[in-house]
Amino acid sequence: MVQNRRRSGSCRLVAGLVFVLLCGPAFLEAQLGPLSNPARAPQAKSQKELDLYLKILTDATPQSVLKDSDAFASQFPESELLGIAYQYEMHAFKDMDNFEGMVTAGQKALLANPDNLNTLLTLAPAMANRASQVKNADKLLGQAEEYARLILSAVEKVKPPLQTSLEKWEATKRGMQSQAHEVLGVVAIDRGQYAIAIDQFKTAISLAPTPMGSQYFRLGLAFAAAGERDSAKEHLLHAAELGPQPVRKLALVEINKLMEKKSSK
Amino acid sequence: MKAQSPVSFDDLNSPSASKIASEDALSEILDLARHNRWNELAASAEQITRQNPNDADAFYWLGVARLELHKPIGAVQALRSAQNLGMDSSKLHETLGRAYYDLNQFILFQQQMKEASRLDPLNFRPNYFLGLYQITIRSDVATALAFFDKATKLQPDDWKSLYQEGRCLELSGKPGEARAYYARAIRSIEASNQPFGWPFQGMAHLLINQDPEQALNFAKKAATVEPNEYSNHLILAQVYERLGKLPEALREAKLAASQSPNTAQVRYLLFMLYRRAGKNQAAQSELSAFKKLKIVYGSE
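Line by line, the protein sequences are chains G and V. Going by the working numbering, the residue at position 8 of the first sequence is 8; the numbering climbs one at a time, nothing skipped. Going by the working numbering, the residue at position 260 of the second sequence is 260; the numbering climbs one at a time, nothing skipped.
Hints in this document: simulated from the structure, not taken from any laboratory. Be aware that one or more of the hints could be misleading.
[Unchecked claim] Lysine-lysine pairs mimicking PhoX-like chemistry, simulated, CA-CA at most 25 Å apart:
id	chain 1	residue 1	chain 2	residue 2
1	G	159	V	71
2	V	245	V	220
3	G	45	V	114
4	V	150	V	114
5	V	114	G	48
[To be verified] Computed from the model, here is a short list of chain V residues facing chain G with C-beta under 10 Å:
id	residue
6	76
7	263
8	293
Since the structure is predicted, the reported quantities are computational estimates derived from the model, not experimental observations. Glycine residues also receive a C-beta, built at the ideal position from the N, C-alpha and C atoms.
Same shape as in the complex, but just chain V (with noise of 0.2 Å):
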């Protein structure tokens, strides 16, 4: 899942009264998850469940670390062993939910989701998911939008959700409220000092022809605190062009086609801004290969 973060401090409670064998094992367990070390917490709790197949916490921790090591299929068999031990939290449906969804199982996601919600109905991060799921996976941005607004209602300084509330307006065609929204966002990620770039990004596509200086200040941010993600030199580089600095466009598609060469539309726009500086066969060699992208990929 896009924007997807790991396991939230809030997360580190066990999802139900501490089964596992010793208050030490627990502890260790909490502590690696604290620290984002999860091969360790996948092979603890995964002695833990030999030694105990009946401990349902350690099944849950065990695939909230399969989770986040990207094996969903281990993830979604430890989750559901917890579940079939009894267990049957919110935190259990939402990470549940979170696999199935890894494994692209949309129906299984969905119910899960709802469950999380319904047995929490406090938790605003299935309404996130469920709203990533309409705009990413079903394209449908009204869905989509009326569940970031249930989250943004429960939780309302979550960048995500405020940042998604806030791309669903403007595909909506609503560039002000949007605006509101990515503004919220920004305010929140700057409040958190979090490096995530995706509100700064949304707010310079919005205001790219209305304001591209403004929109500059907001593209560079974005390209300084998540310098690794391709979009974010890209929405740069379109500002650049938008601004007619042509170097620096140029500079910036470059560095995005470096991070996602098979991105169909960084190529062209380098063959647009090649164009423009009069490199023509620099330009040709960019349309084929868009061209070529096309045909593998198909549509982005």
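Just chain G, same shape as in the assembly (with noise of 0.2 Å):
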């Protein structure tokens, strides 16, 4: 897959840029809300078993929730609620910024359940931002690519509970899509498929139920990569009207950079 693979400023500045998590609503982080059928929800065999989930879900500190996590999966390692717990686990080495433990708790949590659509984007974002920042980035781009495209089928899948409007279904259903198809986008510019890196940051924007200014700054450097400035120019542009600020900053620090270019010719 690895083609033309080039690994510029430009492609670190793409990927290094955070993906903003979507909220999605309840369903999608936990199992105890509303479900579009609570009889196939994972049911605790205990009560000690459901008391110590429901203290993971309620631990104020990503540090109690990992000791948390593990006790209950020493003690209930046949619980169907781990995954979900993993899950967990995975939110609380994120916010410790600990790359490696939030991948293997969430392989971890995907294990129990391919389909967990809030662990593949938490997953898939993240492995593609880390891609720029190591050497060997081969793995991660692959994992990254697989976990958007389960994105894009999982959500499919997905039957909400009747409780969710249609249309707020349907929003957070194309904030999904936008996100998996921004990923797909990060992994195609930094293998150096560019007019493939173009489609996909097109598409995330279409989708996106309020498109960002980093999806256009995204869009903006692909451009620039494939060498059509002036595409790059106008969506850089519009990065930089969209902000926030740090996106602003890196939006102009780029459209000048365009312009010497355009001027040492």
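Two chains, each in its own frame: build the complex with the hints.
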């Protein structure tokens, strides 16, 4: 899959921008709220099992989550709730900026439920971001791509609870699809596949309920990498308009670079 | 849980000999519960638990308040504290069971309801909740019927159990028996002047083909006593349709759709009504909405 791989400074910038995790509805967070089919909800077999699980859900610090999820895994290794406990562990590691721990916990969560969108939406962008910071990124890019494609298929299988309005669900779904396409764009640009990256970023923008400056910034950089300076400038200017300030700053720097290159020619 | 009422008046006793710090504090808590002031009750009970972490009653009331405030995780945690402090009453197990139900934890829910029944064999509510679980979650009408029957034998005037038993009998193809239970539920509601429409709706559903004029009276009554419940307007629309009163049927179906926009059944009825009224564009729009809802939410 790796074609013409060039890891330019621009590519690093594309990946380095933090993905904004869209807030999903409650049913993506846990299995305890309204569900489309409560009969299929994972069940605790004992009160003690649920006590510890609820403690994980209500722990105030990531350190407590890690301690309690470890205890949960060792005391209840067959628990139907273990996958979600690992999901909480993954978020705790993320809060502590522990990438390896986050990935390990997230992958355990996916073993229990391969369509766990909350986990996929956390791992895919994190891995795409991380790929720009390591030397041998092929594996990470491959996994980020795999998870992004899993998001796109899993989101089609979700049956939201009736309490979630159709409008809210459609916005949430488009947000998740947008994020998956953004990951695919980052993966493509890191592989030097600029035309694919442009397409993916365009799709991400078209699906986003509220397109973000960072998305236009990525699209602008993809155009710049593909040598399409006018389109690059147009989208970078849009990014600068939308902001926020860090994106605006980066976009203006990239616009200046484009102008300098043009004048030097 | 559907058709679940707030804590009934006979719940307003602490489930164990009062351990709450003072008679005044207990009196205040009971007064807050009597007036459904759950936020204040939760704050008050929480304060007592902080001052006295061994007060099982305070944890119990904190759990009750949180359950009423739709905070089932906090409810379970408070009720488990009460249990761990030695409380072992039917009411505790029943409330804890309800909190587990709200968390979709049905194994634990059933354990607690069975324990509540064991400790107080005359308490009808565990049977009512177990029946509700069987019909709502398991779609097991026969088992649900057995639980509701136990509940109505223990508490012959509980309208919710009577209504649910009628519903199970209707689903079991026993309309005559169902009608008798709906009628008992209606008498019970009317005697206590409670604003609930379910038994009227059940009766309208039962009579819609057999006696639509009588069904109309029951459907109107259901929509009058519970005007914010979409299913009451749905049944009223269906009865009007059966009687050939299209404008009235459309009005009620639109009301039902505005109250429950994701219910595919309402959209399909609107499609049929618009089609019969010759409004093809509106009919197609409702048919599209129906198909979309079926795809997004699946079967209801």
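Evaluated hints:
Restraint check for residue 159(G) and residue 71(V): the C-alpha separation of about 24 Å stays at or below 25 Å, so the hint holds. Annotation: proposed proximity of residue 245(V) to residue 220(V) holds, straight-line Cα distance about 14 Å (limit 25 Å). Taking the CA atoms of residue 45(G) and residue 114(V), the gap is about 15 Å. The hint holds against a cut of 25 Å. With a C-alpha separation of about 13 Å, the suggested pair residue 150(V) and residue 114(V) falls inside the 25 Å cut-off, and the hint holds.
Between residue 114(V) and residue 48(G), the direct Cα distance comes to roughly 18 Å. Compliance with the 25 Å bound is thereby established for this hinted pair. Evaluation of the residue 76(V) hint against chain G yields a held restraint, the C-beta minimum of about 6 Å falling below 10 Å. The interface hint given for residue 263(V) is met, as the beta carbon of that residue sits about 7 Å from the closest beta carbon of chain G, less than 10 Å. Annotation: residue 293(V) was flagged as interfacial toward chain G, and the flag holds, the nearest CB pair being 7 Å apart, inside 10 Å.
Checked against the numbered hints given earlier, the structure satisfies every one of them.
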